[in-house]
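Going by the working numbering, the first residue of the sequence shown is number 1, and it counts up by one from there.
Hints are supplied without guarantee of correctness; some may be wrong.
Stated by the list, open to error - Estimated spans, in silico, between C-beta atoms of each pair: (1) T182 x P95: 24 to 32 Å; (2) A203 x A154: 16 to 24 Å; (3) I161 x L206: 41 to 49 Å; (4) R167 x G200: 30 to 38 Å; (5) F127 x G10: 45 to 53 Å; (6) L11 x R175: 23 to 31 Å; (7) G207 x L172: 48 to 56 Å; (8) G200 x R173: 37 to 45 Å.
Keep in mind the hints are simulated off the structure, nothing from the lab.
Cβ atoms here follow ideal geometry from the backbone N, Cα and C, with glycine treated the same way.
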Amino acid sequence: ALVALWGALGLAGLSTTGSAGIVGLAGTLGLGLLPGVAMSVSGLTGLDDRLIEGGSIGRPDAADALTATHRGLNWACIALGLVIGAAGFLLGSTPDGWAMGLAAALAVVVLLRTRVLPLAPQRLACFAAATAITAGLAVGGFSLAPLWTLAALAVLAVVLIGAVGLRLSGQLRARLSRLGNTLEFLAVLAGVPVLLGLLGVYADLLGAF
């Protein structure tokens, strides 16, 4: 659906970066809805409702629904990750403040989304998308400010290496999880006005006065 939307936006005459921005932001929003959609489609939500109403379910039914949920979630995350990664790379590699800002917001959302995805394929899809977006930002950054970009990449590498070896207490993990929720919400929220800037809405408004 997102690929079709991307093609339709291009045929409608929207700029390449504008189309990528809309598709990328829509993809990250969809990524947040995936777990709920997957549970509904597989019937897992219906089984849960049956239990709440006092009914009973068989172990095979629950296992089949859970397997279907994870299978659907795996493929959906991979598909969305590919689209978001491609859109984010295009945005990040464009030497434009709005495009690179939106790419950074997408990378934050996709990276933080890995906290709530249960299986490795789902997380790897998000990590791959975030890596592609970061690579795009590096390309765009080197064309604008090579030294600052190199310094930022070095800091990012140090942070990632340090994070791998950390062993956090349960209380600290809970606090970081709440912080992650807040950052993810703010990144999605920031993506909307940045997308409007990328589409030239603010320039059009200024030109109207």
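Quick rundown of the hints versus the structure:
| no. | hint | result |
| --- | --- | --- |
| 1 | T182 x P95: 24 to 32 Å | 30 Å, holds |
| 2 | A203 x A154: 16 to 24 Å | 35 Å, violated |
| 3 | I161 x L206: 41 to 49 Å | 44 Å, holds |
| 4 | R167 x G200: 30 to 38 Å | 48 Å, violated |
| 5 | F127 x G10: 45 to 53 Å | 28 Å, violated |
| 6 | L11 x R175: 23 to 31 Å | 47 Å, violated |
| 7 | G207 x L172: 48 to 56 Å | 50 Å, holds |
| 8 | G200 x R173: 37 to 45 Å | 42 Å, holds |
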